[in-house]
Amino acid sequence: MATHEIIGHWILIFLTISILSYLYADNPFYKLAEHLFVGTSIGYVVVVQWFDVIKPNLYDRLTNDALGPARIVYLIPLCLVLFLFAKLVPRFAWLSRISVAFVIGFYAGQNIPAYLNSDLVAQVASTLAAVTRATKPDATWHQMLGAFVLVVGMLSGLVYFFFSRRESGPLNAVARVGVWVLMIGFGASFGYTVQGRISLAIGRALEVFGMNRTAAQAEQLHGKLVAAVCVVVIFGIVAFLEHKRKLREAEAERLAAEQEKRENESR
Amino acid sequence: MLEKLATLDRRWLFLVMAIAIIVPLLVPVSLPFEASPPVRATYDAVEALRPGQTVLLSIDYDPAARPEVEPWARAVLRHLLRRRVKIVMMTLWDKAPPIVRSLINEIVLGEYNQRRGYFAPDQPGGRLAQDYAPYRYGEDYVFLGYKDGKEIVIAGMGQNLRQMFPVAEAEREGGDKIPVARIPVLSGISSLRDFALILEASAGFPGAKEYVQQVVTRYRLRFAAATTAVSVTDLSPYYPEQMLGLIGGMRGSAEYEQLVEAPGLGTSGLNVLTFGQIFVILAIVLGNVIFFLQRRLRPRSSPGAGGGVG
Chain G
254 MATHEIIGHW ILIFLTISIL SYLYADNPFY KLAEHLFVGT SIGYVVVVQW
304 FDVIKPNLYD RLTNDALGPA RIVYLIPLCL VLFLFAKLVP RFAWLSRISV
354 AFVIGFYAGQ NIPAYLNSDL VAQVASTLAA VTRATKPDAT WHQMLGAFVL
404 VVGMLSGLVY FFFSRRESGP LNAVARVGVW VLMIGFGASF GYTVQGRISL
454 AIGRALEVFG MNRTAAQAEQ LHGKLVAAVC VVVIFGIVAF LEHKRKLREA
504 EAERLAAEQE KRENESR
Chain F
4 MLEKLATLDR RWLFLVMAIA IIVPLLVPVS LPFEASPPVR ATYDAVEALR
54 PGQTVLLSID YDPAARPEVE PWARAVLRHL LRRRVKIVMM TLWDKAPPIV
104 RSLINEIVLG EYNQRRGYFA PDQPGGRLAQ DYAPYRYGED YVFLGYKDGK
154 EIVIAGMGQN LRQMFPVAEA EREGGDKIPV ARIPVLSGIS SLRDFALILE
204 ASAGFPGAKE YVQQVVTRYR LRFAAATTAV SVTDLSPYYP EQMLGLIGGM
254 RGSAEYEQLV EAPGLGTSGL NVLTFGQIFV ILAIVLGNVI FFLQRRLRPR
304 SSPGAGGGVG
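Quick note, the sequences are listed as chains G and F, same order. Quick note on the numbering used here: the first sequence kicks off at 254 and runs consecutively. Quick note on the numbering used here: the second sequence kicks off at 4 and runs consecutively.
Certain hints may be false.
[Stated by the list, open to error] So, partial list: chain F residues that the calculated Cβ filter (under 7 Å) puts toward chain G:
hint, residue
1, F17
2, I24
3, L28
4, D97
5, D151
6, Q216
7, T220
8, A232
9, Q245
10, L268
11, G272
12, V275
13, L276
14, V283
Simulated from the structure, these hints should not be mistaken for laboratory data. Predicted model only: the values in this text are computed from it and were never measured. Glycine residues also receive a C-beta, built at the ideal position from the N, C-alpha and C atoms.
If we strip away everything but chain G, and leave its shape as in the complex, we get:
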């Protein structure tokens, strides 16, 4: 492996441990890594947006003589973009509403039919298809159970959101089933979220230890050793800084108490 790749990997380890040091306490290593991350992310996005979005879609078209006078039409999106920045000048802030209205109108027109089609019509059709499958003579018991849970869960969940029902009576009992269905759904979401977050931690660990590379490369990187050194140095310094901060706070409290005592005595 080239030297710059090895050094790059060590920087990766240092920055990863620096970010994780926030779990212990806020500290200068975390701040350094955070600012570097924000800076490089913004720098990357600005360059990509210019070369892949603004330049080919606007600048190149406005300056392309082959398009003739028709290219003047591209001044409209340019104006809409500039109007958004008018929000910074209170006197012309109203201009930004034109751009915002355009965006909202466009997205509403694009998305409302798409949502209705895929998340309502197609979902009703899917539910009916599941029920149809379950009522066929050759249906298996788990298809029948699945269809039953699907229909009962869906209906009871919908009843829970029927807020004008009475607080007692059969509808309320169905709504309580709906609450259970919703809770199971939230539980599943939480479980998947935990799984996702642990996966990210595993991904960082694999990268830090060089386990996502070949055995020969991992040996050259010395990921485990560098990570151990970084943990000791960073957490050692952070613990020392934290200790000093606590001492300062205790000292300030002691001085404040002495001051209060002197004031009481002087009275």
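Using the hints, position chain F against chain G.
Relative to the frame of chain G, chain F by itself:
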């Protein structure tokens, strides 16, 4: 003791979680697992492709989501190469182009074209590869590049792919872009409807949900996606009527790796994931036990002593 546990510094939990992740990584344990039906359905859909058919592979994730969906992206790319289908790659995420480049360099050029790693003659890919011949850029695969516009681009591709992507990336990074009319792999492809299968590695917005909403349901496209674990409950209702298959997080990726006989980061991560989840479950149970014990042991206020309602 109970009070001490209830007010335990949360940093101890972070430390135990770190140990629960690092120890199984350093001392690997192999736990058995099987592919779930949505993962198997995706595998079957790829397996059913005929050599020469064209597939769209949309890589829509950033470096942060790599541990969850990249193992699948690698496994499915190997699977597509093994099936000898034509591959059109693209992305709707601005941070993804370097990821796509690295996938192409490592797997298409480094493994398949060199017959190394998974495609070495004695490895599963080498044994199962159909009509082996090196993949050529533009003729067998192409990277259309990144396009901003999110779901509008997806909707546009449903009508006219070439309008959304008039040019494709050059074979080498930084080279001049190529007009799509000059790319043989795209001959006969004018919209998403012309692909035999659409596959997506999705880490959020725009991703699998937008594909289903904008084009898949409307045009009844054959579509399967790998998503981050957090998106699985959102996308589950679409399977199996609107999505052919669904690969959820690192676990789904590991299952797919198992099916294509290419154990990688998903498989090694899954065993660790199990230990991490066991710790989280234990922490939740312990937290609840402490909570209910404290409530039971708390002295009850005598009637009339308090003015509370409960």
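Results for each hint:
A cut of 7 Å between beta carbons decides the hint on F17 of chain F: the least distance to chain G is about 5 Å, and the hint holds. Taken as an interface hint, I24 of chain F checks out: its beta carbon lies about 6 Å from the nearest beta carbon of chain G, inside 7 Å. Interface hint at L28 of chain F: satisfied, since its Cβ lies 6 Å from the closest Cβ of chain G, which is below the 7 Å cut-off. With a cut of 7 Å, the hint placing D97 of chain F at the interface with chain G holds, because the nearest CB-to-CB distance is about 5 Å.
Taken as an interface hint, D151 of chain F checks out: its beta carbon lies about 5 Å from the nearest beta carbon of chain G, inside 7 Å. Because the closest C-beta pair between Q216 of chain F and chain G is about 4 Å apart, less than 7 Å, the hint holds. Residue-level restraint check for T220 of chain F holds (minimum Cβ-Cβ distance to chain G is 4 Å; threshold 7 Å). A cut of 7 Å between beta carbons decides the hint on A232 of chain F: the least distance to chain G is about 4 Å, and the hint holds.
Evaluation of the Q245 of chain F hint against chain G yields a held restraint, the C-beta minimum of about 6 Å falling below 7 Å. For L268 of chain F, the shortest C-beta to C-beta distance to chain G is roughly 6 Å, which falls under 7 Å, so the interface hint holds. Using the Cβ-Cβ criterion of 7 Å, the hint placing G272 of chain F at the interface with chain G is satisfied: the shortest such distance is roughly 5 Å. At its closest, the beta carbon of V275 of chain F sits 5 Å from a beta carbon of chain G; the interface hint therefore holds under the 7 Å criterion.
Annotation: L276 of chain F was flagged as interfacial toward chain G, and the flag holds, the nearest CB pair being 6 Å apart, inside 7 Å. With a least beta-carbon distance of about 5 Å to chain G, the hint placing V283 of chain F at the interface is held under the 7 Å criterion.
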